[in-house]
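Kindly generate the complete structure, drawing on both the sequences and the hints.
Protein chains in written order, with the working numbering: chain R, 1 to 222; chain Y, 1 to 222.
It is worth saying that the hints were derived from the structure and are not from the lab.
What you are looking at is a predicted structure, and each value in this text was computed from that prediction instead of being measured.
Glycine included, every Cβ here is placed at the ideal spot set by N, Cα and C.
Each hint can be trusted.
Listed next, the stretches of chain Y that the computed footprint assigns to chain R, with coverage defined by at least 3 CB atoms under 8 Å from CB atoms of chain R:
| # | segment |
| --- | --- |
| 1 | 159-173 |
| 2 | 182-188 |
| 3 | 191-202 |
If the Cβ cut is set under 7 Å, some of the chain R residues that face chain Y in the computed set are:
| # | residue |
| --- | --- |
| 4 | Lys100 |
| 5 | Tyr199 |
| 6 | Asp203 |
| 7 | Pro207 |
| 8 | Ala215 |
| 9 | Val217 |
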Amino acid sequence: MSDTPTTPGYTPFPAAGNISDAEREDLRRHGILLTSLEELYGWGRSNSIWPLQFGLACCAIEMIAAATARFDIARFGAEIFRPSPRQADLMIVSGTVTKKMAPQVVRLWNQMPEPKYCIAMGACAISGGPFKQGYNVLKGIDRFIPVDIYIPGCPPRPEALLHGLTQLQEKIRAERVSGPQAARHLQPDAASEFPVPDYGPHDLTPPSNPAIFTAPVLPRKA
Amino acid sequence: METLEQIRDRLLARFPAAKVELVPNPGTAAEHSLLLDAVYAPEVARFLRDDPALRLDYCSNVTGVDWPEKEITDTVKKTVPDPAGGPAKVVEEKTKRIQPGYLEAVYHLYSMALKHGPVILRLRTGNRTDQVTLPSLTPVWRAADFQEREVFDLYGIIFSGHPDLRRILMWDGFKDHPMRKDYVSPDDFEWEPTPHGDVHERAKAHYPAAPAATPTPEAPKP
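Here it is as structure tokens:
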């Protein structure tokens with residue numbers, strides 16, 4: 001597929017060729033569907049996100065609730081929780097990541113094939129949450145693996161998880177298949193696996209992956 | 001159930017060479033406890049479990065306490081006779097002494113058979129550094145197995161006679177004992193949005209250096 005000249009900036013549904021959205025909609029009413037491979041590809045992938053079936057703490061209970069009939073994550077095509085990382089597209093880090101558990105989480109992430117996405121669900125997975133000042137909890141899973149969607153809450157309601165999932169779907173649909181803005185799995189030099197931290201004598205070594213994590217700098221009063 | 005004093009007296013009669021001390025709890029809970037001699041602890045424990053009047057067959061909880069070294073000021077009032085023949089003066093004499101630190105293992109015992117309890121046992125180590133071995137009570141109460149491992153992990157008390165003394169919460173290569181008072185947690189305080197107290201002090205080390213004060217150029221006067 002050649003690079004279509006696109007307007008700079010974000011277009012959620014890139015139109016096929018030079019046909020405007022209004023014209024496409026007009027054709028659709030006459031039974032003619034026009035689309036691009038990119039759009040079709042994103043549509044298909046975004047509606048069949050298979051999460052990895054694992055939970056770390058109480059957020060996992062909300063994740064389970066999201067999979068039940070009441071909240072029904074199947075409405076968004078993400079109901080097939082896979083017990084194997086080889087078959088999963090999405091890692092929902094649902095709960096407190098202790099430092100003892102962190103290497104296993106990173107290893108699971110490395111075992112997932114591209115394209116893969118990560119949702120940090122709840123305060124603990126984002127920043128350590130209420131255990132942030134403890135010695136044994138990782139202060140955010142984004143210290144070791146790249147996170148696509150952060151869902152705040154302690155724990156987030158199932159609706160919040162579903163909202164995060166729809167946000168991720170929008171993100172997937174907006175990904176390009178070529179060019180500099182192509183999705184990560186289509187860029188040959190983009191990192192897909194990340195170093196697994198070791199158990200050190202006092203902390204994980206390294207305590208974070210400097211290639212993907214730098215602590216935000218806040219303006220401070222002295 | 002017998003009072004703790006009666007239990008102590010019976011223990012002293014049964015084990016004349018052992019030291020059994022009653023440690024009163026001045027708080028409203030009034031959970032007084034028995035301080036046992038480390039050498040005789042397994043025999044005393046077996047006696048408490050098998051004695052027909054006590055039958056303390058259930059060890060519900062094992063925990064550790066860290067008592068760091070502390071300075072105690074003793075105040076003694078002395079009456080000093082006045083050499084001039086006047087009335088005697090009352091002088092307060094203050095002496096400072098260092099109370100050596102030690103580690104403590106605390107066992108809470110109940111009787112399922114006779115429906116009574118708790119009886120609380122304490123064992124103390126010689127110090128906090130090299131004499132940290134206590135006899136394990138796991139051969140007496142199997143329930144103490146994991147909890148003694150936890151005390152070993154977090155406080156560093158070595159239980160001799162324990163069937164499988166390994167760390168249970170932290171990883172095997174971990175060197176510290178995090179529940180000790182002098183434990184210093186790893187320095188990952190670089191991203192603390194709203195720190196306070198001790199955390200604030202530690203987070204300050206990561207604050208960006210204040211920019212050098214540059215004098216603002218004065219506006220040219222018209």
